[in-house]
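Asks: If you want the building blocks of each chain, they are given just below.
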Amino acid sequence: MNKNIISKIALLSLLLIFSYCSKSDDPVEVNEVEAFTRVVLKVGGYTYTYNVGSPAPEIKLAFGEVYGTSIEFYDASDPNDVENMTLEVIEEADEHYIFYEVSSGVGLNITSNSSDVIGAESKGININTDWTATDNGSGTLRVSLIHQPTSVSGTTRASLGGETDIEVDWPIVVA
Amino acid sequence: MLNSIALFSQNCDLRYSGYVLDKYDNQPQVKALVEFIETDYQVLSDEDGNFVIDGICPGEYNLKITHPGCIDFFKKVSIENNLSENIFVNHRINQLDEVFVEDLKQRKLSQTSIEKNFTQELIQKFSSKNLADLVGTISGVSILKTGTNVVKPIINGVYGSRVLIVQDGSKLQDHEWGEDHAPSIDVNSIDRLQLIKGAMGLQYGNAIGGIIKISPIEFIPKDTLFGGVFASYHDNGKLNSSSVRINKTKKNGFFTTLRMGLKSSGDLKSPDYFLTNSGYNEKSGSFSIGNKSLNRMWRLGYSIFRKEIGILKASHVGNPGDIFRALDSDVPTIINPYSRKISHPRQLTTHNKVFGNYNLYFKNLSKINFNYVYQKNRREEFDFRLGLSDEIPSIDITLQTHDLNIDYESNKSGSLSWKTGLKVTFQDNYSDPETGVKRLIPDYLRSEIGGYFLTAFVPSNLFQLEFGLRYDYDYISAKKYYYIKTWEKRGYNNQFQNTIIKETSSGQYLTQQDLSFQNLSSSLGLNFLISESINGILNFGIISRSPSPSELFSDGLHHGMATIENGDLRIKNETAFKTSVSFEKNNGIFKWNINGYISNINDYILVEPSGIDQISRGAFQVWSYRQTDASFIGYDFDYSLNFKKNIYLNGNFSWVWAKEKSNNLPIISIPPINFKNSLLVDDIFEKISFSIYQNYVGEQKRYPDNNFNTTIFEDGNFVDKQVDISTPPKKYSLYGLSINYKLNNSVNLSFDVENILNESYRNYLNRFRYYADEPGRTIILKLNYKF
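Here the protein sequences line up with chains A and B, keeping their order. For the first sequence, position 47 matches number 47 in our numbering, and the numbering has no gaps at all. Just add 175 to the spot in the second sequence (first one is 1) and you have our numbering.
Okay, chain A solo, but in the shape it has when bound:
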């Protein structure tokens, strides 16, 4: 009788094995939908494009000039289907803030522009900005897209809190 039970169970096991092995569909490919892989800065008439994995291009500014600047974010992980994520940022403007840090060797002031998108604390989120080149020099511009900042009134990255969605360092020259 026991042998009977064992053989039944063995049979059941075999059935299970076969039913499992017959499952052979390929899993669906996942293309990450929310990855920011490209950042575009439109500074005056110039366009500077950063793609993840390669260094950001150098931004050249002329001393004394004021540049109307806009920033755009893209998901280009699938080259055949590049998605503009800027609209998503604008849609959730009260949860986002773009923060610019300029190293001390460069004379550059960045302020929110009148056409900027308004977010938390009724402040512009720095999608559209005015760049004023105030002194000659070279250095780095760090651009951070911050998600859910604890405050947007501070002047240091630490005072803003939140989670960093993107952080890109651009070499910058004012001449």
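Quick caveat, the hints were computed from the structure, so don't treat them as lab data. A hint or two may mislead.
[Said to hold, decoys possible] Sample of chain B residues with no beta-carbon within 10 Å of chain A, all distances over it, derived:
1) Lys397
2) Lys516
3) Tyr871
[What the hints assert, rightly or not] Footprint (simulated), chain A over chain B, 3 or more residues, beta carbon under 8 Å:
4) 485–496
5) 667–680
6) 828–837
7) 891–899
Glycine included, C-beta positions come from ideal geometry on N, C-alpha and C.
We have chain A already, so just place chain B on it with the hints.
Replies: Structure of chain B alone, referenced to chain A:
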């Protein structure tokens, strides 16, 4: 607990009496349960082993004798006249036996293992907490945490797949998903809990660290309904927890159990601030039905466990700069007022289980057991999703497992007994692509076939020997996408080129990974009496385990840690050579137990930083799995001093030391030195017990240096800052008290205060120690009602 009315007919005035004695030394067996199965006739033997059953109707009866530490004794008795006889039970030969009766708390899974049985009182004490918190009370067991609610046990310095949790006869699944996953068990659902330290549990699998075994109680066949209600409240987090259980048993051996539990907590508070988003909601339930008779037992059941867990908001860091700022700040970067709402980031885990068990007991006292368990684990993680609904999870994995076990256990009347069994497991892991996030664990199928053989040799009372052998064949078939860049970077292009199925338009390879592993493990245990009161146990084990899917395939961003975690296809089996020795004194005023071990683990699998990867969020640390030969040494010490009738001083101490052999460097996440002491006054007016305790945790001075640099903009300059993720927190001491009031046999009230001094501290074994302090003072009220 049990209450029944015996139905006597007119001629029922016969007496059955005698003595229960040990077969080997004729020692009387005190409090042995003597019963006629399927009837109400049952008594306990007295101090001399004597028992008397009166008022018996003439007839044939199935006699059963149960005693702690003995094999159950069965015999047919025919009562025509008054009958008196002596019964000899096998007192020592119960190594492989597992027939439990609720009263038999001391019964061990194996006589030659280093193990701990948890009392009902202790399990109830932790009913509003986690399984890991409960087993963490044992010396040598620590807790690995991710925040406050994701906790898992560490035994003798190892964790994860190295610690097996066995419930309803088979391994609890979900460790395959990595470190930040907690076992899906409600403490309230635990009837019996046993823990084996070390290598002596080969029946259940290849566990290097140890085994935690959860099993149901067995019922005495009587017509009765019993159960309990449990409720508790924690002031910290305003946690409330309740559970109800109902058991119905019948004289013919039928039994059924229904259980439901709810737990809910809001944000916890550390001494200085709220831990925002640290609440959880847990629901669980189970139902089982069965029948036990003299020659067979069956049991069927279903259980569900669902837990929604808030993940500390301040732990949601986007890039290494965020970690630096979190570490640099004394308080969490996000602190909100108290809330019960669980918001993003959060986890949702669901565990469904169906099980069936069938036991056949043969006349010669051997038995056969069939056990089938189906488990379905689902895990969803919800993060902030830009441009997507937050209701779309970023991780959504479903793991389905079928386990079938067949065990045969020989007659145990001689000095030699044995047990053997076969296990078949099928597993299917599915990661939903709708998440739009690269799968952390790929889709895979896994089959395992294993068998074991255990034998026990008991030549005399002074000496017992057990030997075990286990073999497993493990086959994993996964289909996994790799970005071509990643594939080449990891050097897979030569060795694994033939696994590529196709190349996609977006630059990924779809690959077919068919991996097989064989594990041969063995163990040897000796138990010997050194003197009348001192017992020695010696264990040797060679345990081999397969790498888990997370160690092989992990591929993605770990949000709470802001690290990228990579598995490695080249990882092979890990083999531990463990020697443990234990001495214990289990009687007298001063009881103690010391357990030392040396474990050399070849090809120990660990995860650690291997470089920096530039992604758009910034420069991320990459953690990769790799293998190295490691060595663990440690000891645990327990004592109990009963210096006055009802006053006890209890405590334990544990220490573990580990290194990588090749470079003598320390290993990450090894528990620091710790000791606990408590003073217990029991039976005050026979109703109250009172205890105070102290728990000291040292600073872990041995840790690997995984620090890295990140550039931070400071005063107009970019400066390189070190991100110190390695240095363990300072030592700390916690104090608490506990008062228990037993109103009557059915109602019990308790009042506990934890962290009574409201100490601010951080815990090295908590992966969220970078972000926040541990919870502060907590007052706990509990009510337990039994009927």
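Asks: Looking back at the hints listed earlier, which ones does the structure fail to meet?
Replies: 6
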